[in-house]
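Enquirer: Now for the letters of each chain:
There are 2 protein chains.
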Amino acid sequence: MEELKQRIVEQGQVLPGGVIKVGDFLNHMIDAKLADKIAAEFVRRFDGVPVTKVLTVEASGIAFGVLTALRFGVPLVFAKKNRGTNSAGDDYYQAQVHSYTKNTDYAVTVSKKYICPEDHVLIVDDFLALGAAAQGLMHIVAQAGAQVSGVGIVIEKAYEPGGERLRAQGVRVESLARISSIDGESITFADE
Amino acid sequence: MEELKQRIVEQGQVLPGGVIKVGDFLNHMIDAKLADKIAAEFVRRFDGVPVTKVLTVEASGIAFGVLTALRFGVPLVFAKKNRGTNSAGDDYYQAQVHSYTKNTDYAVTVSKKYICPEDHVLIVDDFLALGAAAQGLMHIVAQAGAQVSGVGIVIEKAYEPGGERLRAQGVRVESLARISSIDGESITFADE
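Chains as they are written, first to last, in this note's numbering: chain L, 1 to 192; chain V, 1 to 192.
Looking at chain L on its own, in the form it has when it is part of the complex (with noise of 0.2 Å):
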């Protein structure tokens, strides 16, 4: 997605260790048209293939996941991180999820009211790396005993193995802006 891939090149920022921060216009300040451009873009890349909810991960992968699911004209769930006090513990699936972020494990949680077994669902996520948070989505999607009908990412680390693993296991990725390098402040995109 060529819009994508300039603003990244314009807007996002390298820091060390190979952190991507595109804060200025993907998930913090979000610019809502580009949101909806890349929902359009996922509806357009998995058109054909059945959907009957679209999952995400709280925080940023809400926007980009409502969007998408309005545009499906199905709901979105998005999965907890951390469950409160409002939410009881048999009723959830659940996944450990390792964050090489923030360096810390959590739980993504999921009510069991909100996926069975008839669904397709789509997951989507800001970013894909090493895959660890659609490994989790994947895994609760399974508990389920749903189909996955894919994986819809914004921006894929593609020098990470995240991508392929997912791939490999048989998994239709779809990544909007795939980068393959990162040297010094300069990203290199792969072929599309």
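None of these hints come from the bench; they were simulated from the model.
Keep in mind the model is a prediction, meaning the values are calculated, not measured.
Hints may be right or wrong, so weigh each one.
It does not matter which identical chain is used: a pair holds within one copy or between any two.
DSBU-like mimics (lysine-lysine), calculated; alpha carbons at most 35 Å apart, straight line [unchecked claim]:
(1) K112 / K21
(2) K113 / K5
(3) K33 / K102
(4) K102 / K5
(5) K37 / K5
(6) K33 / K21
(7) K112 / K37
(8) K5 / K21
Based on these hints, arrange chain V on the given structure of chain L.
Expert: Chain V only, in chain L's frame:
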């Protein structure tokens, strides 16, 4: 907003302590079409009011926030809870918030880059009860030297003092469903 009130009555659950669970359609699984109607209603109610940014707090405000921002043609900024290692301390506006639901304190933070003195900020959130989150966001807007255009709330517990406090401060608060009382499992709405 009649459709919203009807959904609260039909699909909301009242738990002991006055907790209202609306995870079936508003803040765990989200009916994207209803969320978009909520955004349209915010735009209608704040018609003619200058809005240059929409501000919410992660996680459950983001869906309504991005849809509202898209309709206003402005960016969404979402305040983060518990800053991660991606952030730098001095570059953030910060306010302390007490969560009565979870009985914890947390900090909401917004990068100083994303709100400037020229901004007219519409604050959007899913719930208003004691108003702690909204006051925290107002405090952040004040630190930036920007103006609060108003506060748009999906569900206000009108029997709690948060809404009246904001209105007494001269803030325009638009709540799409105002609950005047909860008696057992029965929910009564205030007139709009």
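Enquirer: Does each hint hold? Answer for all of them.
Expert: Hints and how they fare:
no., hint, verdict
1, K112 / K21, "both (34 Å within a copy, 15 Å between copies)"
2, K113 / K5, "between (38 Å within a copy, 22 Å between copies)"
3, K33 / K102, "both (29 Å within a copy, 34 Å between copies)"
4, K102 / K5, "within (25 Å within a copy, 40 Å between copies)"
5, K37 / K5, "both (13 Å within a copy, 31 Å between copies)"
6, K33 / K21, "both (19 Å within a copy, 31 Å between copies)"
7, K112 / K37, "both (31 Å within a copy, 27 Å between copies)"
8, K5 / K21, "within (14 Å within a copy, 40 Å between copies)"
Violation of the numbered hints given earlier is absent; every hint is satisfied by the structure.
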